[in-house]
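Chemist: Sequence:
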Amino acid sequence: MRKVAVSLACLAAVAVAVTGFAPGSSAAPAPAPASASADAEPSYYTMKLPAGTTVADLVRDGYDISHGHGSRPLVVATPAEVDRLRARGVVLGKSGNVYQPVVRVASDAAGTTYYGGYHTVVGHEQHNAAVAAAHPDLVKLYDIGDSWKKTKGQGGHDIQALCITKLAAGDCALNSTGKKAKFVLHTQIHARELSTGELAYRWIDLLVSSYGKDPEITSLVDTRELWVIPIANPDGVDVVASSPSRPVMQRKNVDNAAGGCPAADAGVDLNRNSDFQWDVEQGGPCEETYPGAKAVSEPETVAIEGLLDKVFPDTKGPVGDPAKPGTTGIFITLHSYGNDILAPYGYTNTPAPDRTALVALGNKMGAFNSYPVSTGDGGVGYFAPGATDDWLYGTRGVPSFTFEVGPNSGTCGGFFPAYSCMDSTFWPKNKPAFLYAAKAAAAPYGPLP
Numbered sequence: 001m002r003k004v005a006v007s008l009a010c011l012a013a014v015a016v017a018v019t020g021f022a023p024g025s026s027a028a029p030a031p032a033p034a035s036a037s038a039d040a041e042p043s044y045y046t047m048k049l050p051a052g053t054t055v056a057d058l059v060r061d062g063y064d065i066s067h068g069h070g071s072r073p074l075v076v077a078t079p080a081e082v083d084r085l086r087a088r089g090v091v092l093g094k095s096g097n098v099y100q101p102v103v104r105v106a107s108d109a110a111g112t113t114y115y116g117g118y119h120t121v122v123g124h125e126q127h128n129a130a131v132a133a134a135h136p137d138l139v140k141l142y143d144i145g146d147s148w149k150k151t152k153g154q155g156g157h158d159i160q161a162l163c164i165t166k167l168a169a170g171d172c173a174l175n176s177t178g179k180k181a182k183f184v185l186h187t188q189i190h191a192r193e194l195s196t197g198e199l200a201y202r203w204i205d206l207l208v209s210s211y212g213k214d215p216e217i218t219s220l221v222d223t224r225e226l227w228v229i230p231i232a233n234p235d236g237v238d239v240v241a242s243s244p245s246r247p248v249m250q251r252k253n254v255d256n257a258a259g260g261c262p263a264a265d266a267g268v269d270l271n272r273n274s275d276f277q278w279d280v281e282q283g284g285p286c287e288e289t290y291p292g293a294k295a296v297s298e299p300e301t302v303a304i305e306g307l308l309d310k311v312f313p314d315t316k317g318p319v320g321d322p323a324k325p326g327t328t329g330i331f332i333t334l335h336s337y338g339n340d341i342l343a344p345y346g347y348t349n350t351p352a353p354d355r356t357a358l359v360a361l362g363n364k365m366g367a368f369n370s371y372p373v374s375t376g377d378g379g380v381g382y383f384a385p386g387a388t389d390d391w392l393y394g395t396r397g398v399p400s401f402t403f404e405v406g407p408n409s410g411t412c413g414g415f416f417p418a419y420s421c422m423d424s425t426f427w428p429k430n431k432p433a434f435l436y437a438a439k440a441a442a443a444p445y446g447p448l449p
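For what it's worth, the working numbering labels the leading residue of the sequence shown as 1, then goes sequentially.
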């Protein structure tokens, strides 16, 4: 099944038509003319499925389905795919447009931002280096591994992680013996989920700029290790940003080793690639949820699991056991969209052994961003075996959550919300939730602050 991601060549042509400049060019943009290709662009649709058809069936058939927790699932579909779905008896209702109007900003020409202000991988890398250089008493910057393209000598990137704390001997070491509780924010593992990396960017700035000025944040930086992985899928983000005004809908990394897929469909879903409940049935190589040829097949997964394996102690018993008393730390991985907090497990509706405590902690965080908490498939039959948060909770007992950032539709909805939504909605809602999580990391299973 052909995915909704449009080919890079097609989107590059759209970028030229819409902006008057090729991706990466510094030429002045021309007024945006009407584009004939706009008629073929994907949109968001609600779905009502006929008897005998499930969300899992459509995912396996290659349709791009979003969680839709607490509501009908949503599909991102081109007009041709809409016709095919309706022919199968699926009732569709258009929920919104994928793309929002974009005003080009001055820094776009430098290659550090796109789509109105979102930062490219280069923009993040420059920011990480600048923060570490400006605050050597607070920040350690690590290269924790390579992207797929870098392992193949095709360019690519390092996977970077920052540890922010008031540094003393033994702090931010790549081991689990540090005395400070750890809060980890992990973002943009799905490349097209733009708001997530941008929230990490702002979280980093908040911590270093507020130290010594804001008593609450100063206390957190003194007593916690605040780890941030801003771009978990840099090769994928490069693809997304290659069309600055019409970002490419790249979810996966760019591993094309399986072969047989158009370039726009190749890659591995890094959030299905962990070795916890990895499931070969998640989809074939051309599908959005392709889990890879085997568990932990991707260098990005090796890098992320390798870091988390080092900094969190291995104290948990078998999968069915609850977390050990005294477990510390909290992990949040940001995704979009749905305005949800997802607690373990995501691979099954069987309750996690610590489900009650995990939901209670999720509700505490949700009190700040107004996101409801769910577990399992959220009632729509969409599971996520092999996900990063399930892996960390399942193997370490560390409370681990997915935040689905943003609503299903509107200017601030979907994968490509207007950049202005960072100031109007996403940052104001999630900043206090992050601060609470960092505070609660010292005793996440209670009593909660």
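Bear in mind the hints are in silico, worked out from the structure with no lab data behind them.
Misleading hints may appear alongside valid ones.
Stated by the list, open to error - PhoX-like cross-link-like pairs, simulated, lysine-lysine; straight-line CA separation at most 25 Å: (1) 431 - 166; (2) 324 - 310; (3) 439 - 140; (4) 166 - 140; (5) 364 - 324.
Chemist: Each hint: holds or not?
Modeler: Hint by hint, here is what the structure shows:
no., hint, verdict
1, 431 - 166, "holds, 20 Å"
2, 324 - 310, "holds, 18 Å"
3, 439 - 140, "holds, 20 Å"
4, 166 - 140, "holds, 10 Å"
5, 364 - 324, "holds, 21 Å"
Comparing the model with each earlier hint shows no violations; every hint is respected.
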